[in-house]
Amino acid sequence: MSWTDERVETLKRMWAEGQSASQIAKELGGVTRNAVIGKVHRLGLSNRVAGGKEEDEAEAAPAPAAPAAAPRAEPRPEPVAARPEAAPRPATPERPAAAPAAPAGNVMPIPLRKAIVPAGQPLPPQPSANEISPEALASVREVEKRARKLTLMELTERTCKWPIGDPATDDFWFCGLPSLPGKPYCEAHVGVAFQPMSARRDRRR
DNA sequence: CCCTGATTCGC
DNA sequence: GCGAATCAGG
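With the UniProt record's numbering, the residue at position 104 of the first sequence is 104, and numbering never jumps.
Please note that a few of the clues may not be correct.
[Said to hold, decoys possible] Label pairs and their in silico Cβ distance ranges:
hint : residue 1 : residue 2 : range
1    : Glu135    : Arg158    : 21 to 27 Å
2    : Pro196    : Glu157    : 22 to 28 Å
3    : Ser22     : Pro181    : 29 to 35 Å
The set of hints was computed from the structure by calculation and includes no laboratory data. Just so you know, even glycine gets a beta-carbon here, dropped at the ideal spot from N, CA and C.
Turn these sequences into a full structure, and let the hints guide you.
What follows is the structure in structure tokens.
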């Protein structure tokens, strides 16, 4: 793989977004995080906040904290697959079939809180008590108390991705315990996620 | 261990 | 210019 303009662009964008080198490498494919880091440096977009090119010295830059605003922003929970990329412009000026969903009145009439959350793609089915064995259910409940409560961005290939809580509230996180090799979930959650058909049938009704 | 970025240096 | 190997951390 080579650093085509497009790939460099992606690199720049993701780096600017604060994505890690390994994440960028995964996204690009065909390169390691080392390659990404190397490129980042060569491009000169390393870090150094206000850096200002090659200032001689003047390292003693005071004003450590801007007293004005404190944009204490947690890492934005950007959806993993968020691809602002080029929006497919349907170049079809035809009548907009449906009226604008948003009322002219700039006010969002939605009850906020419970509603809009994209909910993302199909999440693993939440156990509905009657199809999970009592043992597994108990195990899960026990495990969820020990859950690492990871956020979406903190998940890796080795962390349990079982969602816990209501995505529409702050009361939402991912299990995060060590996942079974090759599985997306930890042992307990694998237990409720992958059940033999027979087990389900026997328990049904 | 898992992960992070930074640097070096042969290619 | 490139990126694996390595370093230095968290």
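Results for each hint:
1. Glu135 - Arg158: 21 to 27 Å: Holds, at about 25 Å.
2. Pro196 - Glu157: 22 to 28 Å: 25 Å, holds
3. Ser22 - Pro181: 29 to 35 Å: 19 Å Cβ-Cβ, so the 29 to 35 Å window is violated.
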